[in-house]
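**Student:** Use the sequences and the hints to build the structure in full.
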Amino acid sequence: MPRLKPLTPETMSAEQRRIADEIAGGPRGGLRGPFPALLYSPELADRAQKLGEYCRFNTSLPAKLSELAILVTARHWAAQYEWYAHARIARERGLGDGIIEAIRTRQAPTFDDPDEELVYRFATEYYATNRVADANYQAVVERFGEAGAVDLVGVMGYYGLVAMTLNVFEMSLPAGEPEPLDL
Amino acid sequence: MTRLAPLPPEAMNEAQRRIVAEITAGPRGGVYGPLLAWLRSPELCDRGQRLGEFCRYNSSLPPKLSELVILVTARHWRAQFEWYAHAPIALEAGLPAAAIEAIRNRETPKLDDPDQALVYRFASEYYATHRVGDALYAAAVERLGERAVVDLVGIMGYYGLIAMTLNVFEIPLPEGEPEPLAP
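So the sequences go chain by chain: A and B.
Sequential numbering of the first sequence, starting at 1, is according to the numbering used here.
Sequential numbering of the second sequence, starting at 1, is according to the numbering used here.
Think of the hints as simulated: they come from the structure by calculation, not from any bench.
Any given hint might turn out to be false.
Interface residues of chain A toward chain B, partial, derived using beta-carbon atoms under 7 Å [unchecked claim]:
1) 7
2) 41
3) 77
4) 131
5) 147
6) 150
7) 160
What the simulated footprint calls covered on chain B by chain A, stretch by stretch (three residues with Cβ under 8 Å from a Cβ of chain A suffice, anywhere in the stretch; the number is not a length) [unchecked claim]:
8) 129–139
9) 165–173
Lysine-lysine pairs mimicking DSBU-like chemistry, simulated, CA-CA at most 35 Å apart [as the list claims (entries may be wrong)]:
10) A:64 x A:5
11) B:64 x A:50
12) A:50 x A:5
13) B:110 x B:64
14) A:5 x B:64
15) A:50 x B:110
16) A:64 x A:50
The structure displayed is predicted, hence computed values, not measured ones.
Backbone N, C-alpha and C define an ideal beta-carbon position, used for all residues, glycine too.
**Tutor:** Below, the structure written as structure tokens:
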């Protein structure tokens with residue numbers, strides 16, 4: 001059970017209703033994931049969802065790569081809901097099942113696509129050391145440009161915020177779904 | 001030295017110039033630190049800085065608490081610039097110098113202010129375990145309220161994104177400043 005009671009249209013303030021409608025009316029198509037919790041602080045929900053819309057739908061990175069960075073982030077924080085929601089999207093965007101399963105079980109995936117390998121190494125190195133060494137940094141900038149590297153960091157950071165929200169407020173998986181990640 | 005190539009005003013595109021003008025006119029007064037990196041991806045910069053403006057200037061947490069959360073976050077990610085920039089702000093906001101020094105050295109700070117003690121435990125427990133236990137969560141909601149706890153999580157997440165940006169792009173401290181955080 002989530003720790004925060006989900007707000008309903010009846011219990012929302014006018015500001016919360018406006019923001020909830022904006023989120024549900026955008027490309028997400030509903031008020032899910034971290035947003036029912038964030039909505040308790042409407043201005044935070046509004047600004048976070050706008051950053052999130054960019055990170056999820058509009059970065060310069062192909063969706064397959066940003067979804068890969070999201071999965072590494074979800075694994076890092078053991079964010080069950082984030083993994084549950086994005087493993088499916090990553091698969092739809094072309095990330096291989098074997099890679100997804102390896103990340104889920106904390107094994108090193110085998111990549112055929114060098115771009116995927118680059119993003120995986122960048123994100124993994126950052127979470128392990130809080131830094132990205134020259135070799136991985138340069139490779140990412142050469143391949144995706146400085147803007148691409150900024151977007152990659154933006155995706156990791158934003159989905160870290162989402163993971164924290166999901167974990168702290170214990171946003172639940174749909175009934176009957178097993179938790180995908182060990183702790 | 002930062003890893004980023006210089007971006008002088010004459011090299012900026014229209015979107016970048018517009019964002020610089022807007023940030024300069026706001027409470028930050030200029031584009032520096034992590035925003036210099038974000039500017040390479042103008043849309044991310046625009047949306048990220050709006051989220052940051054809320055987290056830094058307009059959340060429901062008083063600065064003596066939000067700046068404490070920022071320091072615990074900077075220490076977690078070993079973000080030198082984030083620590084360097086926020087330690088003086090935290091001191092001014094009412095965090096005791098000895099507590100700041102303890103956090104810097106990864107020791108448990110002695111906090112007489114019960115709200116500060118609570119917020120310190122909340123953020124530390126999350127970073128250590130990626131969860132917040134029931135007793136601590138209930139205590140935080142009881143003392144601060146649900147909305148403030150949501151803001152607390154938003155601040156942790158946002159300053160995690162900032163830390164990643166600073167660390168990945170090696171945004172430098174001012175010339176001659178020693179790095180405050182040991183590995």
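**Student:** If any of the earlier hints don't hold here, list their numbers in rising order.
**Tutor:** 1, 15
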